[in-house]
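S.K.: Sequence:
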Amino acid sequence: MDSKYSAFTFKVPNKIQKPNHVNFNGNGIKRPRLDDQQTKLCTNGSVPAKQRKLLPVYNVRHRLIAEIQKTPTVIIIGETGSGKTTQIPQFMHEVNMEKSGIIGITQPRRVAAITLSSRVAEEMDCKQGELVGYTVRFEDVTSSHTKLKYLTDGMLLREAMLDNLLMAYSIIVLDEAHERTVHTDVLFGIVKQAQAVRRMKKLAPLKIIVMSATMDVDHFSNYFNHAPVVYLGGRQYPVKVLHAKHNQEDYVFSSLVTIFQIHKEAPPNHDILVFLTGQEEIEAMANSIRQIALELDGKAPQLKVYPLYSSLPSQQQLDVFRPTPVGMRKVILSTNVAETSVTISGIKYVIDSGMVKARSHHPGTGLDMLKVQKISQAQAWQRTGRAGRESSGFCYRVYTKQEFDSLLKNSIPEIQRCNLTSVVLQLLALGINTLEFDFIDKPPREAIVCALEQLKYLGAIETVDNPGLTKLGMKMAQFPLDPRFSKILLSANEYNCVEEILSIVSLLSGESIFFIPPNKKDKALAARQKFVSPAGDHITLLNIYRQYSSLTVKKQWCQENFLNWRNLHYASEVRTQLQELCRRCNIPMSSCGQDYDQVQKCLITGLFMNIAEIQRERQYMTVGSRQIVSIHPSSTLFGSQPPCVLFTEVVQTGRCYMRQLSRIEPDWVMDIVPNFASKHRLTAHVT
DNA sequence: GAGCACTGC
Numbered sequence: 001m002d003s004k005y006s007a008f009t010f011k012v013p014n015k016i017q018k019p020n021h022v023n024f025n026g027n028g029i030k031r032p033r034l035d036d037q038q039t040k041l042c043t044n045g046s047v048p049a050k051q052r053k054l055l056p057v058y059n060v061r062h063r064l065i066a067e068i069q070k071t072p073t074v075i076i077i078g079e080t081g082s083g084k085t086t087q088i089p090q091f092m093h094e095v096n097m098e099k100s101g102i103i104g105i106t107q108p109r110r111v112a113a114i115t116l117s118s119r120v121a122e123e124m125d126c127k128q129g130e131l132v133g134y135t136v137r138f139e140d141v142t143s144s145h146t147k148l149k150y151l152t153d154g155m156l157l158r159e160a161m162l163d164n165l166l167m168a169y170s171i172i173v174l175d176e177a178h179e180r181t182v183h184t185d186v187l188f189g190i191v192k193q194a195q196a197v198r199r200m201k202k203l204a205p206l207k208i209i210v211m212s213a214t215m216d217v218d219h220f221s222n223y224f225n226h227a228p229v230v231y232l233g234g235r236q237y238p239v240k241v242l243h244a245k246h247n248q249e250d251y252v253f254s255s256l257v258t259i260f261q262i263h264k265e266a267p268p269n270h271d272i273l274v275f276l277t278g279q280e281e282i283e284a285m286a287n288s289i290r291q292i293a294l295e296l297d298g299k300a301p302q303l304k305v306y307p308l309y310s311s312l313p314s315q316q317q318l319d320v321f322r323p324t325p326v327g328m329r330k331v332i333l334s335t336n337v338a339e340t341s342v343t344i345s346g347i348k349y350v351i352d353s354g355m356v357k358a359r360s361h362h363p364g365t366g367l368d369m370l371k372v373q374k375i376s377q378a379q380a381w382q383r384t385g386r387a388g389r390e391s392s393g394f395c396y397r398v399y400t401k402q403e404f405d406s407l408l409k410n411s412i413p414e415i416q417r418c419n420l421t422s423v424v425l426q427l428l429a430l431g432i433n434t435l436e437f438d439f440i441d442k443p444p445r446e447a448i449v450c451a452l453e454q455l456k457y458l459g460a461i462e463t464v465d466n467p468g469l470t471k472l473g474m475k476m477a478q479f480p481l482d483p484r485f486s487k488i489l490l491s492a493n494e495y496n497c498v499e500e501i502l503s504i505v506s507l508l509s510g511e512s513i514f515f516i517p518p519n520k521k522d523k524a525l526a527a528r529q530k531f532v533s534p535a536g537d538h539i540t541l542l543n544i545y546r547q548y549s550s551l552t553v554k555k556q557w558c559q560e561n562f563l564n565w566r567n568l569h570y571a572s573e574v575r576t577q578l579q580e581l582c583r584r585c586n587i588p589m590s591s592c593g594q595d596y597d598q599v600q601k602c603l604i605t606g607l608f609m610n611i612a613e614i615q616r617e618r619q620y621m622t623v624g625s626r627q628i629v630s631i632h633p634s635s636t637l638f639g640s641q642p643p644c645v646l647f648t649e650v651v652q653t654g655r656c657y658m659r660q661l662s663r664i665e666p667d668w669v670m671d672i673v674p675n676f677a678s679k680h681r682l683t684a685h686v687t
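Last residue of the first sequence: 687 (full-length UniProt numbering), numbering continuous.
Mixed in with the good hints, there may be bad ones.
[As the list claims (entries may be wrong)] Dumping the calculated SDA-like pairs for lysine to any residue here, alpha-carbon to alpha-carbon at most 20 Å:
(1) 264 to 324
(2) 520 to 570
(3) 304 to 324
(4) 475 to 93
(5) 555 to 313
(6) 304 to 322
(7) 299 to 326
(8) 304 to 317
(9) 192 to 219
(10) 264 to 290
(11) 371 to 649
(12) 299 to 266
(13) 374 to 246
(14) 70 to 53
(15) 357 to 368
(16) 521 to 561
(17) 192 to 218
(18) 264 to 328
(19) 53 to 233
(20) 371 to 283
(21) 520 to 158
(22) 523 to 561
(23) 401 to 22
(24) 521 to 556
(25) 530 to 638
(26) 409 to 221
(27) 240 to 392
(28) 127 to 94
(29) 554 to 566
(30) 523 to 311
(31) 299 to 262
(32) 374 to 406
(33) 374 to 339
(34) 554 to 515
(35) 371 to 411
These aren't lab readings, by the way, just hints derived from the structure by calculation.
Whenever a hint applies, use it, and build me the whole structure from the sequences.
M.R.: Given below as structure tokens:
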């Protein structure tokens, strides 16, 4: 019970019986509708039917097609439920707009690409992979007959690296553009350039369709040379928005109080979705709710509480989707996974804490920060919309209208707050200097220069001022990895440990394989102890992977050992893919057996910028950027104090924590990267 | 001493 929320958990039952109430204003706050002055091609929106003909977009298909045919680029703004993503590609195909090419429709997420493709294949009465197909990592369900291809934006970016004019496509639809993922943002520039070059060279034209749910369309339109904008109505039910009347000091507490205000009055089976910021907060609130609900026994419907966050094992995530038993109420406590990635039916009430945990990158120090911060207005509306998917609903904002008005209109695009090393390398592979790239929103120049400097250190480019790719850099760009990991993999043969590095890099490039349930922490840690190596986290990961891959019945073993099967399985698929790429690069397989020093030395070839030396009791300083850092409590090295460590990343939460680390010898650094070591005066603890 | 938003190749 050492959680920072534990005190809170016990106070709540007393507090809640006092007249402690969050007052909400409900007077006429309406979602800003699409401007009625604009051409609105669609109005109808209430018929709940499966058939295509009843989708709002169907009635306007002729005008829509005419509009798309007129200009090379069109922006389509459509509300949820307009049917734009499934129908518009079909309409275009019906009039053979793609001619001899194909229609590519990008999605930010894998599942979306797969499910959309399967729905459209069904509607067109064909098998997936024939006329309609999809391409995501590890899965290419397309054939030479495929005309409608749903794919992740990252996948299209990979394809652009083989052909930057994207000649296979005659139409590219960039869907969910408002999400502004790094990949979508880069694609904006790539397709815009491909379209211009194809026109200039008199090649087959490329039509671009940008689909978004945002109202802020001028930005997109201006970027694409004032492309026309088409508006589509949706089929969203009205949601009544209520704001807190007074400022709330504690969004967690206010959310909790609001849950019970609703619970005491709302009819059973009206489910509640609460947006919070992270695992610990969610689990703590789940406990509070369960305790309070006990005291309400008989006075309100029975409550079922479901935490929801992405590191939850799949089975527990699936529980959320089971229909609520009659006479009961479901309360789902979710991170922002429920904003876009996961859709739950039956939600009548949304409680919006107004907060989100977000990662931001600081180019100068190379540090990442994970900070709870205020959401944007667009995000607030996205959350609100989750209450109106099947019928009208309510959204309780645990913050005032004034606070809402003071929020940013849109979230800062990812490209302006992430590490750009990968992007810069990929653009270079496309022959583009990032400093000159036509971004819709430019990332800070400093961030680009830092990325170039890092690539120089890794040996991927000639110089920062003349960033031509080296032979090594070209190879690195082929790997779907952080450039530092690509470098490590490409060095592995020198250290005779390609097998081992393949495993470690695959595990590092996915999500955590450990699942530590808050109530069984001791058992989970004891289970992990069986794999722990004194060398640190990287070798511990290797130990786990070696055992995992030797087993035939893996799922049960994972469960017994508190390991996340889904993530381990994913890592094994990554590993297969990387192994194939190694084969194509003529890297022979090799293994160092138990000689783990080889593995550790190899890791230094890519992570030498991430070395820290002990300064005093439990306090470390990074060698390059001179930052004070500590060992993250999740590390197997937490508790020990090795003089010199190599880490995978630093994340600042409260303090700056190094995550995924290995103990190393300073001498190794001198040998492997002598220039770096002497430049930064590595203190080589001579004994 | 004390903590892990979310995607994606």
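S.K.: Indicate, hint by hint, whether the structure satisfies it.
M.R.: Against the structure, the hints:
1. 264 to 324: Holds. Residue 264 to residue 324 sits at ~17 Å (cutoff 20 Å).
2. 520 to 570: Distance of about 25 Å is beyond 20 Å: violated.
3. 304 to 324: Answer holds: residue 304 to residue 324 is near 8 Å, not above 20 Å.
4. 475 to 93: The given pair, whose Cα atoms are some 38 Å apart, is violated under the 20 Å limit.
5. 555 to 313: Holds: residue 555 and residue 313 sit about 12 Å apart, inside 20 Å.
6. 304 to 322: The hint holds at about 11 Å.
7. 299 to 326: Holds: residue 299 and residue 326 sit about 16 Å apart, inside 20 Å.
8. 304 to 317: holds (14 Å)
9. 192 to 219: Distance of about 15 Å is within 20 Å: holds.
10. 264 to 290: With a Cα-Cα distance of about 15 Å, the restraint between residue 264 and residue 290 holds, given a limit of 20 Å.
11. 371 to 649: holds (16 Å)
12. 299 to 266: Cα-Cα ~12 Å, so holds.
13. 374 to 246: holds (17 Å)
14. 70 to 53: violated (24 Å)
15. 357 to 368: Roughly 13 Å between the alpha carbons, so the hint for residue 357 and residue 368 holds.
16. 521 to 561: holds (12 Å)
17. 192 to 218: Holds - the C-alpha atoms of residue 218 and residue 192 are around 17 Å apart, at most 20 Å.
18. 264 to 328: Since the Cα atoms of residue 264 and residue 328 sit roughly 12 Å apart, the hinted pair holds (cutoff 20 Å).
19. 53 to 233: With Cα atoms ~15 Å apart, residue 53 and residue 233 stay inside 20 Å; holds.
20. 371 to 283: holds (18 Å)
21. 520 to 158: It is violated: about 42 Å lies between the C-alpha atoms, which goes past 20 Å.
22. 523 to 561: The hint holds at about 9 Å.
23. 401 to 22: The hint holds at about 14 Å.
24. 521 to 556: holds (19 Å)
25. 530 to 638: holds (16 Å)
26. 409 to 221: Since the Cα atoms of residue 409 and residue 221 sit roughly 18 Å apart, the hinted pair holds (cutoff 20 Å).
27. 240 to 392: holds (8 Å)
28. 127 to 94: holds (17 Å)
29. 554 to 566: holds (11 Å)
30. 523 to 311: holds (18 Å)
31. 299 to 262: The given pair, whose Cα atoms are some 13 Å apart, holds under the 20 Å limit.
32. 374 to 406: holds (10 Å)
33. 374 to 339: holds (15 Å)
34. 554 to 515: holds (15 Å)
35. 371 to 411: It holds: about 14 Å lies between the C-alpha atoms, which stays within 20 Å.
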